[in-house]
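S.K.: This is what each chain is made of:
There are 2 protein chains.
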Amino acid sequence: MSAGLSVPALAQTIHSPGNKLTLSFQLSPSGEPTYQLHFGAKTVVNTSKLGLLLQNQPGLDQGFQVARIDSTVHDATWQPVWGEVKNIRNHYKELAVTLAQPAANGHRMVLRFRLFDDGVGFRYEVPQQPGLTYFVVQDEKTEFNLPANHKAFWIPGDYDSNEYAYTTSRLSEVNTTPIKAIEKKAAPTRIQTPLMLKSDDGLYVNIHEAALVNYSAMMLNVDTKTFGLTSQLVPDATGTGAKAYLQAPEHTPWRTIVVSNKAPEVLASKLILNLNEPSKVTDTGWIKPQKFVGVWWEMQVSKASWNYSDTTNIKLAGTEWNKLKPNGRHGATTANVKRYIDFAAAHHIPGVLVEGWNVGWEDWVGNWKEEVFDFVTPYPDFDVNELQRYAASKGVNIIMHHETSGSVTNYERRQDAAYRFMNEHGYTSVKTGYVGRIIPRGEHHDGQWMVNHYVRTAQKTADSHIMVDMHEPVRPTGLHRTYPNWLACEAARGNEFNAFSEGNLPEHETILPFTRLMGGPMDYTPGIFKLQGYAASAPQRQVHTTLAKQLALYVTMYSPLQMAADLPENYNEHLDAFRFIEDVPVDWDDTRIVAAEPGDYLTIARQAKGKNEWYVGSITDEKARTQTVKLDFLTPGTTYEATIYADGKGASWDKNPTAYQIRKQKVNSKTTLKLQLAAGGGAAVSIKPAGK
Amino acid sequence: MSAGLSVPALAQTIHSPGNKLTLSFQLSPSGEPTYQLHFGAKTVVNTSKLGLLLQNQPGLDQGFQVARIDSTVHDATWQPVWGEVKNIRNHYKELAVTLAQPAANGHRMVLRFRLFDDGVGFRYEVPQQPGLTYFVVQDEKTEFNLPANHKAFWIPGDYDSNEYAYTTSRLSEVNTTPIKAIEKKAAPTRIQTPLMLKSDDGLYVNIHEAALVNYSAMMLNVDTKTFGLTSQLVPDATGTGAKAYLQAPEHTPWRTIVVSNKAPEVLASKLILNLNEPSKVTDTGWIKPQKFVGVWWEMQVSKASWNYSDTTNIKLAGTEWNKLKPNGRHGATTANVKRYIDFAAAHHIPGVLVEGWNVGWEDWVGNWKEEVFDFVTPYPDFDVNELQRYAASKGVNIIMHHETSGSVTNYERRQDAAYRFMNEHGYTSVKTGYVGRIIPRGEHHDGQWMVNHYVRTAQKTADSHIMVDMHEPVRPTGLHRTYPNWLACEAARGNEFNAFSEGNLPEHETILPFTRLMGGPMDYTPGIFKLQGYAASAPQRQVHTTLAKQLALYVTMYSPLQMAADLPENYNEHLDAFRFIEDVPVDWDDTRIVAAEPGDYLTIARQAKGKNEWYVGSITDEKARTQTVKLDFLTPGTTYEATIYADGKGASWDKNPTAYQIRKQKVNSKTTLKLQLAAGGGAAVSIKPAGK
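Residue numbers (our numbering), protein chains in the order written: chain A, 1 to 692; chain B, 1 to 692.
By construction, these hints were calculated from the structure, which means they are not laboratory data.
Don't take every hint at face value.
Copies of one chain are not kept apart here, so a pair can be met inside one copy or by any two copies together.
To be verified - Dumping the calculated EDC-like pairs for lysine to aspartate or glutamate here, alpha-carbon to alpha-carbon at most 20 Å:
no., residue 1, residue 2
1, K42, E125
2, K141, D654
3, K280, E320
4, K611, D383
5, K611, D75
6, K530, D576
7, K262, D383
8, K262, E641
9, K630, E613
10, K42, D587
11, K325, D117
12, K185, D200
13, K609, D374
14, K460, D416
15, K674, E613
16, K530, D139
17, K670, D590
18, K649, E502
19, K180, D381
20, K611, E502
21, K530, E412
22, K338, E320
23, K394, D310
24, K325, D600
25, K323, E641
26, K338, D283
27, K611, E173
28, K288, D200
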């Protein structure tokens with residue numbers, strides 16, 4: 001359909017392909033764009049305004065007339081390079097509203113909505129047009145006016161960190177003030193996306209964004225009285241409040257609302273992936289989802305150090321590293337790395353991450369220093385060539401580590417040389433890190449400049465056939481569809497917090513899939529087996545989990561890149577349990593969200609890529625629970641053997657975390673498994689055709 | 001000598017090696033460091049305070065006691081890789097005062113003074129010490145309290161540009177408000193260095209800095225009532241007023257005061273070079289001072305364009321350049337570049353600069369856009385390989401051009417690839433440009449981050465055996481001693497302003513050597529022969545010079561890199577005059593400042609490197625003058641032939657600029673040349689042994 005100018009425009013209403021959702025667009029009497037979203041008869045979003053404010057020129061937020069309306073249906077199925085399912089259906093109704101501002105030189109903007117059965121995505125598009133070529137977004141005023149005081153799972157709107165525990169509260173109670181800021185102090189009611197909401201009338205609503213490219217990240221300001229949310233973009237370094245420097249034709253990322261009356265359907269949604277562009281990497285044969293171990297947890301628990309020496313006040317260019325006095329605790333020594341390579345080879349783990357291999361760790365963080373690392377110079381006790389030879393002889397890849405210390409200008413200057421070094425020395429993956437305040441000074445982790453850096457790095461690593469895992473970047477928005485070599489990100493509070501802080505509550509891993517993981521895989525680093533007494537400096541510290549739950553996380557916390565994070569010596573104490581980590585895939589043909597409730601529990605079953613094997617993970621919060629899993633996804637008529645790794649008798653995260661039991665049983669498509677989860681516990685199950 | 005603690009310390013007084021200057025250091029009763037400088041009995045600087053203020057910690061500006069005093073004499077002679085003289089004597093008395101703050105954890109700072117017969121340099125040094133490792137300079141409070149209301153030659157304290165005409169006024173009259181800002185609006189009484197001053201009692205005083213590395217540039221705030229000057233460092237992007245992020249041990253640049261009762265001695269001073277570090281480039285055989293022509297002035301006068309197409313709204317990554325519609329005015333075509341190569345080869349000019357060869361010029365400036373140029377992709381009509389072959393066959397080098405449009409992050413990402421491209425395609429020199437607002441956004445051309453960029457670029461080009469000429473950088477501070485591949489900078493108002501603006505007054509080139517050139521060579525681009533009717537869009541415009549003066553500038557405006565800036569067709573009209581440009585060297589064994597008065601006139605004689613040949617340049621402001629030159633520097637007993645390129649009868653910059661006469665005469669060491677300079681005119685003389 002198509003319509004001429006109309007002031008005020010009649011509401012344009014579209015329905016999702018299966019009629020579950022209804023979206024209405026309407027201009028206000030003053031020409032402000034607004035929308036509403038309904039799930040059946042229930043209101044998801046009340047009338048909410050849309051608009052962009054521009055720096056030093058009239059905003060794209062009012063005075064609009066409708067110039068044109070286009071509506072189409074799209075239905076196609078595509079296959080990701082790797083993922084939770086083999087095929088993804090992309091089925092939506094699209095409404096594209098072209099708006100014009102007669103009083104502002106006829107400036108045009110397109111609002112494009114894509115309405116799926118499980119949610120909506122919409123974005124602002126500024127077409128090529130006279131008088132609006134280069135412009136600066138001063139603010140985006142996208143509203144999500146919620147109809148009631150929903151329960152929310154939120155973290156503070158820190159422009160530089162996502163590494164917070166989730167607070168569960170009513171919207172009216174959102175207050176970040178008591179929460180200790182990690183990087184920058186957040187505003188009292190500014191929170192981050194993905195934001196998970198639950199209404200009293202049983203709707204699960206998730207608000208986030210898709211395809212964050214060349215723009216700053218969207219946070220949300222909560223009106224605790226009206227339950228309205230308003231977008232808050234991350235500003236740049238100029239102090240002018242500039243949010244994005246754009247050149248038409250250009251568009252914003254998609255603003256996404258996933259909605260269902262069933263929590264599992266939120267987790268199963270592929271809406272965010274569908275709103276991202278197809279892969280820009282054409283030859284993908286070199287991209288390999290993988291598990292890895294690494295010289296890492298021993299530093300987290302202070303058994304070893306990243307730094308080679310305890311001499312501080314180091315200058316990258318002026319230090320003779322081989323003259324420094326070694327501290328005797330350096331983790332990334334040739335001998336220690338070989339120990340990990342041996343363990344990985346013995347247990348069919350393809351990767352070994354090594355942190356602290358390169359010079360600069362003596363005083364690497366907290367000084368806002370530009371020249372910290374060079375990414376190519378090993379410490380004197382790390383023999384690059386010998387380890388390249390040794391790893392290759394064992395069929396293991398060493399994973400490169402590039403900690404930038406937030407000094408991104410320094411990293412960018414050296415990226416070409418660093419990736420050349422990787423190619424020359426057999427490294428196929430890199431873990432990057434952005435700990436600390438960003439250089440260019442004044443820029444934020446989540447601002448446009450850094451967003452462009454992450455995307456550029458994904459492209460740059462792809463050009464060198466390198467897979468990348470980013471720590472401390474902006475939280476993902478589904479760009480792993482476009483850059484399938486961008487395997488994972490951290491961008492949340494990972495398992496590591498159990499090593500150096502008060503840790504993560506048992507509920508944490510039941511919330512993450514509904515929040516952070518909506519945008520993409522997380523390198524959570526599960527698999528801690530020694531759950532007490534691991535931190536020499538804090539002997540009372542423990543991980544808020546049972547051992548069996550750590551196994552379950554390999555299924556519930558989807559990632560194509562999964563670390564077995566604990567030390568080889570701790571795994572050697574429980575090699576029967578480690579067998580699950582050996583077995584569990586990192587790439588899947590199918591996924592069933594069996595049961596889920598954010599903050600409470602989560603059970604997921606997944607079919608291994610190209611195999612008739614299934615894996616089940618089930619986790620709970622601090623409450624013991626029974627979870628039942630109907631195995632009706634198994635091939636009818638086939639008998640399978642299930643190996644069940646469950647919490648042992650008397651297990652609980654706080655009193656007895658390492659009690660587990662492993663039992664085998666024959667199952668088929670008619671079996672219902674009953675899994676007993678301890679407090680803070682979980683269960684992991686592998687299901688393979690019997691007799692194989 | 002050495003002394004223990006003393007509060008208040010007795011004044012420490014030192015005399016320069018030849019007793020011309022006296023410097024006194026003393027702590028004030030509250031422990032503030034102060035100094036005074038005298039030239040004989042005349043006061044150069046009255047008691048003036050010194051100090052650094054630090055961010056978030058006690059300043060290094062008061063509460064000091066003297067912990068130690070060291071005094072030494074240094075006398076050595078060194079040879080620059082290229083320059084105005086063959087040998088440079090570095091002769092000074094040094095006073096190093098170690099200060100300690102008992103009330104601030106014993107923090108220490110060293111004030112190091114080097115007193116020469118022609119001035120003083122001093123700097124702040126923060127030694128390695130407990131509790132003061134990483135620190136941020138919030139402000140430097142260095143005072144230069146002048147004893148009277150001197151005449152000053154000044155430009156506004158713009159943090160992003162030096163491209164201003166000089167104002168000559170009393171200090172009491174300094175007011176930048178009426179001056180049109182080029183980049184950022186300057187504060188009303190903030191001016192730049194090098195600042196040239198002349199006292200009513202006949203002292204010439206120049207204030208600047210030497211060895212600006214890892215620090216922001218120093219500007220000066222003028223107290224128009226007391227005639228006190230106070231240092232004003234350029235702030236960074238954070239908005240916190242941070243001026244420099246430092247790590248001890250570290251020191252500031254040297255603050256320099258050159259002083260004499262004879263103006264020529266200011267120009268002859270090597271104080272700033274002496275305060276710089278020796279060359280970091282060990283193999284210097286590839287560094288070649290040189291003259292060049294180029295595809296450049298034709299764009300300045302709008303005969304040709306940098307851009308290939310007139311299509312605007314270009315995106316670097318998304319544009320198919322060979323599908324753009326050519327505008328037919330593109331300067332950097334293969335054919336046109338060959339024309340310049342032919343001219344250069346015919347006239348023994350080694351270099352041909354080509355601007356506008358690479359894609360991105362369609363809308364390259366003014367948009368604060370990050371991805372403007374890639375530095376490796378030629379326009380469709382510029383054949384890199386063919387021109388490489390052709391230039392080599394003619395014995396000519398093409399000079400690379402890297403305009404960054406101020407987008408320095410983009411340039412830094414691409415520098416490795418750009419220099420590799422240059423090495424592969426036979427380019428040995430690059431002219432860089434920084435037009436427009438800097439990215440990282442919020443940083444300034446003259447701030448610490450950019451200062452580090454320029455120095456890093458000097459080192460990086462040296463590593464690739466590339467000579468560099470920087471346009472729109474911070475003004476030089478003698479770093480060409482340390483990086484002799486850093487041949488020249490613009491960083492001032494060059495000849496180009498005669499093409500696109502109201503131009504430079506005749507006095508301009510008599511002031512530049514006393515100001516901007518104190519820090520290092522300038523790529524002024526002299527040699528314009530067509531002085532009227534060159535600018536199609538402004539037919540009345542003319543260069544404020546005679547043709548003969550343009551020749552004289554090759555001697556008076558020292559640079560190892562000198563452009564013959566006009567078009568081949570304009571030179572072909574005056575090939576007899578062009579002969580001087582062909583002959584004149586760019587590297588010298590000796591230099592005599594024959595006569596000089598800032599703003600009025602300047603006569604310099606120089607001996608060609610390794611040859612018994614001399615060249616004289618003499619220029620005047622808007623007044624006609626007679627200048628006499630005693631040729632007593634010639635080898636006694638030898639007869640030379642002098643070729644004198646002088647203003648012709650009736651010549652004047654405004655009425656008859658191209659009237660010139662060329663005459664030859666025999667001269668010897670007893671000859672006195674009398675040069676008649678027209679209004680806005682000059683004279684150039686080459687003197688070679690007769691009969692050769």
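S.K.: Are the hints correct? Go through all of them and say.
M.R.: Hints versus structure:
In this assembly of identical chains, the alpha carbons of K42 and E125 never lie at most 20 Å apart, being 29 Å within a copy and 70 Å across copies at closest. In this homomeric assembly, K141 and D654 never come within 20 Å of each other (Cα to Cα): the closest approach is 46 Å inside a single copy and 59 Å across copies. With identical chains, the CA atoms of K280 and E320 are at most 20 Å apart between copies only, with a shortest distance of 18 Å across copies and 43 Å within one. In this assembly of identical chains, K611 and D383 lie within 20 Å of each other by CA distance neither inside one copy nor across copies; the values are 39 Å within and 55 Å between.
In this assembly of identical chains, the alpha carbons of K611 and D75 never lie at most 20 Å apart, being 28 Å within a copy and 82 Å across copies at closest. Proximity of K530 and D576 under a CA criterion of 20 Å is satisfied intra-copy only: 14 Å inside one chain copy versus 89 Å between copies. Taking CA atoms no more than 20 Å apart as the test, K262 paired with D383 passes in neither setting, with 53 Å inside one copy and 63 Å between copies. Within a single copy, K262 and E641 get their C-alpha atoms no closer than 31 Å, and across copies no closer than 100 Å, so neither meets the 20 Å cut-off.
In the homo-oligomer, the alpha carbons of K630 and E613 lie at most 20 Å apart inside one protomer (15 Å), although the nearest pairing across protomers, at 100 Å, exceeds that limit. Taking CA atoms no more than 20 Å apart as the test, K42 paired with D587 passes in neither setting, with 37 Å inside one copy and 84 Å between copies. For the homomeric pair K325 and D117, neither the shortest alpha-carbon distance inside one copy (63 Å) nor that between copies (46 Å) is at most 20 Å. Within a single copy, K185 and D200 get their C-alpha atoms no closer than 31 Å, and across copies no closer than 57 Å, so neither meets the 20 Å cut-off.
In the homo-oligomer, the alpha carbons of K609 and D374 never lie at most 20 Å apart, since the shortest distance is 38 Å inside one protomer and 41 Å across protomers. Taking the closest pair of Cα atoms, K460 and D416 come within 20 Å of each other both inside a single copy (9 Å) and across two copies (14 Å). Taking the shortest Cα distances, K674 and E613 sit within 20 Å of each other inside one copy (19 Å), while across copies they are farther apart (101 Å). When the C-alpha separation of K530 and D139 is checked against a cutoff of 20 Å, the pair qualifies neither within a copy, at 48 Å, nor between copies, at 52 Å.
Taking identical chains as interchangeable, the C-alpha atoms of K670 and D590 lie at most 20 Å apart only when both belong to the same chain, with a minimum of 19 Å there against 100 Å between chains. Taking the shortest alpha-carbon separations for K649 and E502, neither the intra-copy value of 26 Å nor the inter-copy value of 91 Å comes in at or below 20 Å. Taking CA atoms no more than 20 Å apart as the test, K180 paired with D381 passes in neither setting, with 38 Å inside one copy and 60 Å between copies. Taking the shortest Cα distances, K611 and E502 never come within 20 Å of each other, neither inside one copy (40 Å) nor across copies (78 Å).
For the identical chains of this complex, K530 and E412 are neighbours neither inside a copy (38 Å) nor across copies (46 Å), given an alpha-carbon limit of 20 Å. Neither within a single protomer nor between protomers do K338 and E320 lie at most 20 Å apart by alpha-carbon distance, with minima of 26 Å and 50 Å respectively. For the homomeric pair K394 and D310, neither the shortest alpha-carbon distance inside one copy (33 Å) nor that between copies (59 Å) is at most 20 Å. In this assembly of identical chains, K325 and D600 lie within 20 Å of each other by CA distance neither inside one copy nor across copies; the values are 50 Å within and 63 Å between.
With identical chains, the CA atoms of K323 and E641 are never at most 20 Å apart, being 58 Å at best within one copy and 63 Å at best between copies. With identical chains, the CA atoms of K338 and D283 are never at most 20 Å apart, being 32 Å at best within one copy and 42 Å at best between copies. Proximity of K611 to E173 under the C-alpha cut-off of 20 Å is found in neither arrangement, the shortest distances being 48 Å within a copy and 86 Å between copies. Taking the closest pair of Cα atoms, K288 and D200 never come within 20 Å of each other, the shortest separation being 43 Å inside a single copy and 79 Å across copies.
Hints 1, 2, 4, 5, 7, 8, 10, 11, 12, 13, 16, 18, 19, 20, 21, 22, 23, 24, 25, 26, 27, 28 from the list above are not met by this structure, while the remaining hints are.
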